[in-house]
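Now for the letters of each chain:
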Amino acid sequence: MLRGTVRESMTISPVLKIMPSQAGPEDTASNVALREALLEALSELTCPTYTDELAPYLRARHGRVYRTLSATRIEREVEGVFHRYGAEDMSSSEPSLYTAITAEHGEPIMKLIARTDWPLTQRVVAATTGRVRHLLITARLCELAIKRKSHFADHHALLRLAAAHARGLPDTVVRYEKYDLEEWLALALELIRATSEEDEEARRGAAARLSSLPGFHPVFGMPDERLEVGGV
Amino acid sequence: MSLTGARGLARISQNPRCDLQTAMVVGQVDEVEFYEALTRRQFEGEYGERASARRRGDKFEASLHGNNAANLRRILAPRFGYDCERMYVRSLTDEIPDHMADAHRRRYLRTERVLADVAGGYEPPSVPHLLIEPQLRLPVSGSRFVYVAPDFAVFDPAAKCYVVGEEKSMIVRGGSPDRVDLERTRRQAGAETLALRALAEQLNLCARVRDRAIFVFSSPFDVTPHPPVEEYLHAEVSEIRRALERYRAVSEELQVYGRRDEKKIIAHTHQLRINFQNSCLSSCALFYHCKSRVSETVLVLGDEAGDVFGGATELEHLYALADGTAEASSAEEAALAARLRETAALLGVEGIYSGKG
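Residue numbers (this note's numbering), protein chains in the order written: chain A, 283 to 514; chain B, -7 to 349.
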């Protein structure tokens, strides 16, 4: 996920295969298609992504078919993964969707979505990760808007998404309908180079510590009830 | 307007002697629906926030919280001596969205965990510099709570603890926002500060929590935030404590504990004490209902009349005193009656009290 540079080539994730024994009433054609699209989007964006970023991204990528897709719909889909798969099943199943987790206690961040086949170090959010993640996704959106125009059904929507993220870059003024993609990309990459190593080290340390905690699940993290102060 | 959480307690604190209003907060009623169920009439007054104000508020909040709370970090960092680009932000609503089961309690557990880490000696970046919508709660009775959520809480390195914060899109001009709006906001922040102290007490951090809050308002330019304002809230915290006592008392009286129960409150409405005053017109949907309950008393003439003549005085008795057809029962009444006759003479409206003027 959080590499020092943004990859130029896009990978297409493997299609989610639903094993007959795992298929349930939630596995309608549209739900399966949504999960596939989300997995693919995460591969393209290369880092955990918020549901209110994924929804407009899918609309830009695929157009009208996701015109009414909401962040809540995605969150419910991801929440369903926890109920659909047992803890044992998840470790051996095909790639799916679940959340990133906090570095302090392994708590799921329900709106921040990752691929379950990413290593734990890519799904942990340390103190520096919020900032680096924002820089990475800004850079990635700019890069896609510059180099993969034809890949998007609604390129203008992608531009607006990139601009919305660029507003969070330091000393950056984003003017209406003015897309300084190269400038934003360069600034984001420069800032990533300055901070990504510290962040990777923090995430590695957190992943190692969390993995040793009793009750910690490598995908689902630590349920809230286990962490009640004074409780188990 | 919402009657839940800190807003509900702020409402009670503005008129703590009105048990009917307190009952509406306890019963988590929708005010307009409650009015219509109680009076069997459609509510025809103006009520609630304008849609444009709500949109502005949502836009302001989004501008502060987006992109890892970039704008909020930028304005808070100088106040607390942080590098804004290195502030660790956690959003409790990103972690547990509203639509999830038991969201308030689960967010509270996580907030409690952060404070427990602080109690264990951790400081940022081992704990967040900035919490977005942390969940706190105020005990009501036994295991029952009122949940409150400040818009944010920022770690103060000098106090080694968090300070609650409120974001309001009201515009600051000449250094301060509108006084009425600010009063409501200060009371809300008072409730949140009290709740933070309640949590801190459990973790032996109480000495680090002071009666203060940070306010982020809007500048006159679009939704750009104004530099944060820090205010001390001793009076507001005290008023919220009083409001909480009334909440508990009415809750016990009605046996309604933090769940929506309009029917029970309607059944007890006429037994519940009201405290009708001028400010009810702008703050409560039941203004006209309560006005009808006091229509035969001096209160219907306004707060000042109530202060001068006594709120329980019936209008008919007052008129009778003034036109001499009733005997004063005390020296004070006699003096008032004389003043009323003098005033009528000055205005040339003698006989007005008997309807002959």
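Keep in mind the hints are simulated off the structure, nothing from the lab.
Owing to the predicted nature of the structure, the values given are computational and were not obtained by experimental measurement.
We put the beta carbon where it would ideally sit given N, CA and C, even for glycine.
It is possible that part of the hints are untrue.
Here are a few chain B residues that sit away from chain A, every Cβ distance over 10 Å (derived from the structure) [what the hints assert, rightly or not]:
id	residue
1	80
2	82
3	246
4	304
Computed list of lysine to any residue pairs in SDA-like fashion (alpha-carbon distance at most 20 Å, straight line) [what the hints assert, rightly or not]:
id	chain 1	residue 1	chain 2	residue 2
5	B	283	B	72
6	B	256	B	111
7	B	152	B	72
8	B	256	B	73
9	B	51	A	334
10	B	51	A	430
11	A	431	A	461
12	B	152	B	51
13	A	460	B	55
14	B	51	A	332
15	B	51	A	338
16	B	51	A	377
17	B	51	A	359
18	B	51	A	431
19	A	460	A	496
Chain B stretches covered by chain A per the calculated footprint, using a threshold of three residues with CB under 8 Å from any CB of chain A [what the hints assert, rightly or not]:
id	region
20	141 to 149
21	183 to 191
22	234 to 244
23	261 to 270
Hints the structure fails to honour: 1, 2, 5, 6, 8, 10, 12, 16, 17, 18, 19, 20, 21, 22, 23
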